[in-house]
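These are the residues of each chain, in order.
Number of protein chains: 2
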Amino acid sequence: MGAQARPVVVVSNRGPLSFRRDADGSLVARRGGGGGLVSGLAPLVSGTDTIWIASALSDDDRAAAGAGPARVVQAEGFRVALVAHEPDVLRMAYDVIGNAVLWFVHHGLFELARRPRYDRAFRTAWAAFDRYNQSFADAVVELAPHGAVVLVQDYHLSLCAPKVRDRRPDLSLVHFAHTPFAGPELLGLLPDPYRHELLRGLAANDACGFHTDRWRRRFTDSCRSYGVAEPRTFVASLGPDPADLAAVAGSEASRQWRHRFGERFAGQQLIVRVDRIELSKNILRGFWAYEELLERWPEFQGRVCFCASIYPSREGLAEYLAYRQEVEHLVARINGRFGTAGWTPVVIETSDDFARSVALLGCYDVLLVNPVSDGMNLVAKEGPLVNDRDGVVVLSTETGAWEELGGVAYGVHPLDVSATAEVLAEALRLEPAARRDRAARLREIAGSRGPADWLADQLAAASR
Amino acid sequence: MGAQARPVVVVSNRGPLSFRRDADGSLVARRGGGGGLVSGLAPLVSGTDTIWIASALSDDDRAAAGAGPARVVQAEGFRVALVAHEPDVLRMAYDVIGNAVLWFVHHGLFELARRPRYDRAFRTAWAAFDRYNQSFADAVVELAPHGAVVLVQDYHLSLCAPKVRDRRPDLSLVHFAHTPFAGPELLGLLPDPYRHELLRGLAANDACGFHTDRWRRRFTDSCRSYGVAEPRTFVASLGPDPADLAAVAGSEASRQWRHRFGERFAGQQLIVRVDRIELSKNILRGFWAYEELLERWPEFQGRVCFCASIYPSREGLAEYLAYRQEVEHLVARINGRFGTAGWTPVVIETSDDFARSVALLGCYDVLLVNPVSDGMNLVAKEGPLVNDRDGVVVLSTETGAWEELGGVAYGVHPLDVSATAEVLAEALRLEPAARRDRAARLREIAGSRGPADWLADQLAAASR
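Sequence order for the protein chains is D and X. Start counting the first sequence at 298; every next residue gets the next number (my numbering). Start counting the second sequence at 298; every next residue gets the next number (my numbering).
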């Protein structure tokens, strides 16, 4: 990024640093993990002049941000400005509008007979969402160097651009959507004026980017259907950094996990999944498919194990808690039905531990990635990059990753439980030579574009 | 239809007659009620040479149908042929695929984290659905007069046309969809090969008709998106027959109900809805909106009543039972919260009684029709035709009826509870002169097209 002629500003809800009180009470910055966005961008931004504007997410973050307008602090190689929202504003903007409305709209997750319910609580939350975007916009207006490229990340910041535009015509604004984008049918579930504000908010950017052409077309279809002039659009897929992943895989923690998994699953074929427990990830249907596999082809019983690294997320939302419980009950039922003294059909790991997940990805025979809908899905690319057992991938056709891995990964329609069972069986039975060939091609595609390519595409889109 | 040059065959799941055993054990035909399709078509077909092919829906129907190929029986002015499916085939085709899959797809009702689940039970049901369509196709091939126009009605018969086409090239096949049609995003929820079979099945007709241009375009978009050649398409909206309605409204039963309602709701403004208890009808949000109305504008308390004629349907599906219970609990809660000794905020009538529904439609001040999605919605047109209190209509923008009544009816986005509350308040407060004007315009539009126009459009589409 040093060669970039124009200064760069990154804007996202979560930033690369979080603050904590030390033993003596002073605030100390730490590098945080969290999400493909931050982990992909952080190494590229570290040590540069790039300003990263993010939300203060905790009380300690808010203390570090201080009162008054956001200001840049330098720590751990980053130049970060934390935007301190009122806690209620942050909660309503992020949890209610971001995660419980827009996420559901873009992924098509609503149960329409009951949800969503655009009532007075929603209106209050939408006003908070607007305020949240306004606070980010104010920070951009205040802090962005003259002529900067501003990279606005993801759906939480959909309303940001129009609040910056007229006040800082020198800036180039680029929005990147990490989710799928709702086409006219799904976006119709958001009523006006909100729908119009959302599209108009995105259209006020100089360019809008998406992981795949499919989401890009859904966005432009929605703009056309609802009478909003389209901005320039572009496609820039994100992939993991192979060197970063190799470093994690080679770490002591990961190698210890790998050793344990090797002992635990010795002599069995291993199906793996790694996911947040998230409605869009389709965890229930993955287990239903596995159950059908064991039913239809009993020869797999005792000879295969499904190890799922699935860790809780968004448990502030009732739907997610209920979903987690259903997942746990289903696992218990399958183990109760098929398990024997010497064989547990499903093993779940429920803490979020990246080193362990990478170790698990190292040793799958089949990686199951079957989301109902997913902007990209990095696991589908991380797997092939760290796996050394010639493992293959069963991949939902409704993921961004499918656009790149399709045909080399086995495709499944995510709602088709029987087809998923059949494809799992086919993948488990694949001959070694064919397996090796597929694994090599998966690895090649998965490693073909890293975060630096993705970032370069965004910067290029700004200057076009 | 007498002037029609070509013979006509109507094909639908439900026909105009049902059979029952008399006291002496002999089978007697009766005219059945049931749905806008049958009630709209039956008077036009009665007394003509038209052959109506329908499912045998009960044991007595099956007995009347007899063994072997379907044959035409004459009764009550109809020439009817009943197709006798195996009871399990009928149940799987109609309840599972028709009502629990295709209905959900076209109306967008799935809760995707859990449903649908295309498993082995689904595959068995789809095979039954195919067999059900095959039986209808066999009856058409067997019974249709040379050169006939065959009017295939609704989504249950989506696979019929390709099974007739090559065997009877002399026939013209016209399919009419009474539901909304799923565009590419919603139809994507049905995996291949089923999606392709569905589109190919419809495309094998000479023409496909829809209630509105919106559903027509969704169909052609889906054909294009999924690589199926579009057939000729047309739009033909259905409206009630004003004379039929007037006859019901003038019946003794209806007049008695009207008198009772007059006494019961004297001195109050009356909000009315008339619906099957059906996930797409959005009954919960209607009551939530009413609750918000009473909260935000307490001056309505004691001065308005919401009388809902809502009667159970499809209670063989767990979702419908659960939904009914939620509706009943919500009504109880609102009445518990706001009701007084002299005033019940919500009154529900839960038996399916058309004379009573018509009486209720006669006396609303505001008719609420707020489906999440609806192919047409005849209640929105029946109301204005029988109402004599200058009542106005609050109408979901996601109904076919909105395309015709939009702007004269008040529009609401069906998911927007707060907007619905506001529009209800506005409608209740409307001045008499403006109210009279709106009611007159609603009546004019609602009566502008009857079943005969709709039928004529289908026949015209066949000969183009």
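Bear in mind the hints are in silico, worked out from the structure with no lab data behind them. A virtual CB, placed ideally from N, CA and C, is assigned to each residue, including glycine. Careful: at least some of the hints might be erroneous.
Stretch-level coverage of chain D by chain X, calculated; a stretch enters the list once three of its residues show a Cβ under 8 Å from a Cβ in chain X [unchecked claim]:
id: 1; segment: 414-427
id: 2; segment: 486-495
id: 3; segment: 570-582
id: 4; segment: 702-715
Here are the in silico distance ranges between beta carbons for each label pair [what the hints assert, rightly or not]:
id: 5; chain 1: X; residue 1: Gln622; chain 2: D; residue 2: Leu618; range: 18 to 24 Å
id: 6; chain 1: D; residue 1: Thr647; chain 2: X; residue 2: Arg414; range: 19 to 25 Å
id: 7; chain 1: X; residue 1: Gln553; chain 2: D; residue 2: Pro609; range: 56 to 62 Å
id: 8; chain 1: X; residue 1: Gln565; chain 2: D; residue 2: Pro609; range: 35 to 41 Å
id: 9; chain 1: X; residue 1: Ala550; chain 2: D; residue 2: Gly633; range: 52 to 58 Å
id: 10; chain 1: D; residue 1: Gln598; chain 2: X; residue 2: Arg414; range: 18 to 24 Å
id: 11; chain 1: X; residue 1: Pro366; chain 2: D; residue 2: Trp594; range: 39 to 45 Å
id: 12; chain 1: X; residue 1: Glu616; chain 2: D; residue 2: Gln371; range: 53 to 59 Å
id: 13; chain 1: D; residue 1: Glu612; chain 2: X; residue 2: Ala550; range: 52 to 58 Å
id: 14; chain 1: X; residue 1: Glu616; chain 2: D; residue 2: Pro609; range: 24 to 30 Å
id: 15; chain 1: X; residue 1: Asp435; chain 2: D; residue 2: Pro609; range: 53 to 59 Å
id: 16; chain 1: X; residue 1: Pro609; chain 2: D; residue 2: Glu623; range: 39 to 45 Å
id: 17; chain 1: D; residue 1: Thr647; chain 2: X; residue 2: Gln565; range: 42 to 48 Å
id: 18; chain 1: X; residue 1: Gly704; chain 2: D; residue 2: Arg462; range: 30 to 36 Å
If the Cβ cut is set under 8 Å, some of the chain D residues that face chain X in the computed set are [as the list claims (entries may be wrong)]:
id: 19; residue: Glu373
id: 20; residue: Glu408
id: 21; residue: Leu440
id: 22; residue: Leu483
id: 23; residue: Arg738
Inset, instruction - Using the Cβ atoms, figure out if X:Ala550 sits within 52 to 58 Å of D:Gly633. - result: Given range 52 to 58 Å: holds, Cβ gap about 57 Å.
Legend entry - 8 Å C-beta test of the segment 702-715 of chain D against chain X, three or more residues: holds (count 5)
Inset, instruction - Can you let me know if the beta-carbon spacing of D:Glu612 and X:Ala550 is within 52 to 58 Å? - result: 55 Å, holds
Inset, instruction - Using the beta carbons of X:Gly704 and D:Arg462, state whether their distance is inside 30 to 36 Å or not. - result: 34 Å, holds
Legend entry - Status of the given 42 to 48 Å range, CB of X:Gln565 versus CB of D:Thr647: 56 Å, violated
Inset, instruction - Tell me if D:Leu440 is really an interface residue toward chain X, meaning its C-beta lies closer than 8 Å to one of theirs. - result: Status violated, d = 36 Å.
Legend entry - Status of the hint placing D:Glu373 at chain X (closest C-beta pair under 8 Å): 38 Å, violated
Legend entry - X:Pro366 paired with D:Trp594, Cβ distance criterion 39 to 45 Å: 41 Å, holds
Inset, instruction - Given the hint of 56 to 62 Å, check if X:Gln553 and D:Pro609 actually sit that far apart at their C-beta atoms. - result: 59 Å, holds
Inset, instruction - Given the range 18 to 24 Å, decide if the beta-carbon distance of D:Gln598 to X:Arg414 lies inside it. - result: Holds - the Cβ-Cβ distance for D:Gln598 and X:Arg414, about 22 Å, lies within 18 to 24 Å.
Inset, instruction - Take a look at whether the Cβ-Cβ distance between X:Gln565 and D:Pro609 falls inside 35 to 41 Å. - result: 50 Å, violated
Legend entry - 53 to 59 Å as the expected CB spacing between D:Pro609 and X:Asp435, which holds or is violated: 54 Å, holds
Checked against the numbered hints above, the structure breaks hints 8, 16, 17, 19, 21 and 23 and satisfies the rest.
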